[in-house]
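Engineer: As a plain string of letters, each chain reads:
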Amino acid sequence: MTKSQKNRIATIARYSILTVWALIVAFPLYWMVSTSFKPGEQWFAWPAVYIPDPWTLTNYLDVWTGRQELATSQYIISAQRPWIALGNSALIAFSATTLAVLYGGVIAYGVSRYRMLSEVRMFQLLMLRMIPPIVVVAPLSLYYSALGLLDTWIGLVLIYFLTSLPYAVWMLKSFIDEVPREVEQAAEILGAPRWRTLLEVVLPLVRSGLVATFLFILILTWSEYLLALLLAKTEVVTLPIELSKYQGSTEGRVYGRQAALSVGITIPLIIIGVIIRKHLARGFSFGMIRR
Amino acid sequence: MSSAVVVPAPGVPLAPRELSRTRAVKRFKWAILAPLIALFGGVLLPVLLLQLYFSFHQWTVYLGTWQEAEWIGLDLFKEILTEPRFGWSILRSLAFALGSTIGCFLLGFALAYLMHKPFRGQAFFYILFILPMLTVPIVVAYTAEMLLYESGPINDMISRLSGAEYKVAWLSDPDIALTTVMLLEIWNWTPFSFIIMLAGFASIPKEPIEAAHILGASSWRIFWEVQLPLLRPVILLALVLRFLEAMAEFPKTWALFQGGPGSATETIPVYIFLTTWQYFEVSKGAALSYVAMMLMIVIVLVAIRLLRREKRALDAMHVAARPGE
Chain D
84 MTKSQKNRIA TIARYSILTV WALIVAFPLY WMVSTSFKPG EQWFAWPAVY
134 IPDPWTLTNY LDVWTGRQEL ATSQYIISAQ RPWIALGNSA LIAFSATTLA
184 VLYGGVIAYG VSRYRMLSEV RMFQLLMLRM IPPIVVVAPL SLYYSALGLL
234 DTWIGLVLIY FLTSLPYAVW MLKSFIDEVP REVEQAAEIL GAPRWRTLLE
284 VVLPLVRSGL VATFLFILIL TWSEYLLALL LAKTEVVTLP IELSKYQGST
334 EGRVYGRQAA LSVGITIPLI IIGVIIRKHL ARGFSFGMIR R
Chain W
12 MSSAVVVPAP GVPLAPRELS RTRAVKRFKW AILAPLIALF GGVLLPVLLL
62 QLYFSFHQWT VYLGTWQEAE WIGLDLFKEI LTEPRFGWSI LRSLAFALGS
112 TIGCFLLGFA LAYLMHKPFR GQAFFYILFI LPMLTVPIVV AYTAEMLLYE
162 SGPINDMISR LSGAEYKVAW LSDPDIALTT VMLLEIWNWT PFSFIIMLAG
212 FASIPKEPIE AAHILGASSW RIFWEVQLPL LRPVILLALV LRFLEAMAEF
262 PKTWALFQGG PGSATETIPV YIFLTTWQYF EVSKGAALSY VAMMLMIVIV
312 LVAIRLLRRE KRALDAMHVA ARPGE
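Residue numbers (our numbering), protein chains in the order written: chain D, 84 to 374; chain W, 12 to 336.
Calculated directly from the structure, the hints in this document are not laboratory data.
The model shown is predicted, which means the values in this text are computed figures rather than measured ones.
For every residue, glycine included, the Cβ atom is placed at its ideal position computed from N, Cα and C.
Please note: incorrect hints may appear among the correct ones.
What the hints assert, rightly or not - Derived DMTMM-like pairs (lysine to aspartate or glutamate); straight-line CA-CA distance at most 25 Å:
(1) D:Lys361 to W:Glu321
(2) D:Lys316 to W:Glu321
(3) W:Lys322 to W:Glu292
Unchecked claim - Now the in silico label distances, taken between C-beta atoms and shown as ranges:
(4) D:Asp136 to W:Glu161: 18 to 26 Å
(5) W:Glu176 to D:Asp136: 20 to 28 Å
(6) W:Ile113 to D:Arg279: 47 to 55 Å
(7) W:Gly132 to D:Leu174: 38 to 46 Å
(8) D:Leu140 to W:Gly132: 32 to 40 Å
(9) D:Leu185 to W:Tyr290: 51 to 59 Å
(10) D:Leu140 to W:Arg316: 16 to 24 Å
So that you can see chain D by itself, here it is in the shape it has in the complex:
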């Protein structure tokens, strides 16, 4: 066998394996999207219906506008609920993420330039993320109810801020470490105060890192389920919780509508994730991998 034949076989093998995995990845997503366009009787058909026939927008209209006349069930979907949940999710995720990135950035700067936290402390900070929240959420909910934070968006913002802080600090530190120190030293020699150096010299240089970190943490807070379920679920409902309410509905399964809502929850994350795809490895590895 010549070398070029060998290469050809290797190429074919590579594309076949990748295609198989691509199908495994794509099929559930395709099923979610296609179900969201299926009329009610095709949600559970056996044999399964692979392509909606006819394609319909009913599910989207039912879920997102509360349109009732075509609804096949008695289950009343309030028109505002998904939008309120969307608003809550956006408000909570954006506030917590903004706080985490701002504060995390300041800590990261201090650690990178002034060794404010030793390496051991930095790793201890990781425990905030690594210990599963379920082990503290029961006393936390009691504490929250004593403080009046239970079922409020401030309560969720606070806990999301705390749990995403390790990601923010570590990821931003990895970005700040890459900025050459000489620029700051020059600013310092020129007599610029430390805060101004941070705001006007360092921050602009790590702008893309800040954006990547922000979007990365947004993905995590947007999809969080456990804390949103246990610390707030009646007054303040986030999108994942709103979705889970369809599951418990008395009507049994309303797959089409679940799918229509799922598509709405997922699309923003996929857009964000694709934008920062080059930074995802850095994010998930707490900045330990920098590519």
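Starting from the known structure of chain D, fit chain W onto it as the hints suggest.
Structural biologist: Same frame as chain D, but now just chain W:
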């Protein structure tokens, strides 16, 4: 590497200007850390104390206020440490985490290996392959239900491909349920191992591989004797972080199974959840949480030890990959 901008050489007396500068840095440092310390003192500490309180007092929501709960000492701990149900949930969690971590890793590693050299369509496959990780876990769970119920499309496809009618009870057979969640976890998080390993392959210095090629080594030998050893820190990172996340998995397990059928999917988080929010045994839930927390702290400390060691190797690799820094 070092940030020795402000650290004076030891033994050298400081000039007054230097002294005020050191002080200013110290002030700066405490100003930055104060909110963090306040958060620890104001949120985490009280929560941990409350947990301790509940672990030693018998209280459920049916009894009056929790301040009047009865002191029962170590009874709860005796109860949970001797009950098989908790033991099983720990074993289940470990099995789930190990199985899904290994599954994610092997798949992610294989994909990264196939994709680490540029080829046509690389960007397309990369974007497609990261999608599961960007899908909200709860959405994964509900979509899985649409796919896996007994007359669902997965069974339909298995039936069509095999010619016989299969109706695998993915969601209701106690023998399969944990595997189902594991497969979902693998689908959901293989992208994590994939992107980490892909970054790992990218950061391997080219010279040793080229040298081995020139010396006539086969790609197989190069893989085992050059690439794999160089990838060790990245591999450990991918395994450790994934394992920790898998130990905490809750949304998919809960949304699909609530611990059932029977107790087939009752992992530690699910058992704590059931005890506290379904049986309302807050005290027992707190004691369970406490033991689970201790277990997790031990695991996390081991993980951190590993990560610290490997981080040095990673940092060195990072520098080696970009000479001239």
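Engineer: So which hints don't hold here, by number, going up?
Structural biologist: Per hint list: 2, 3, 9, 10 violated.
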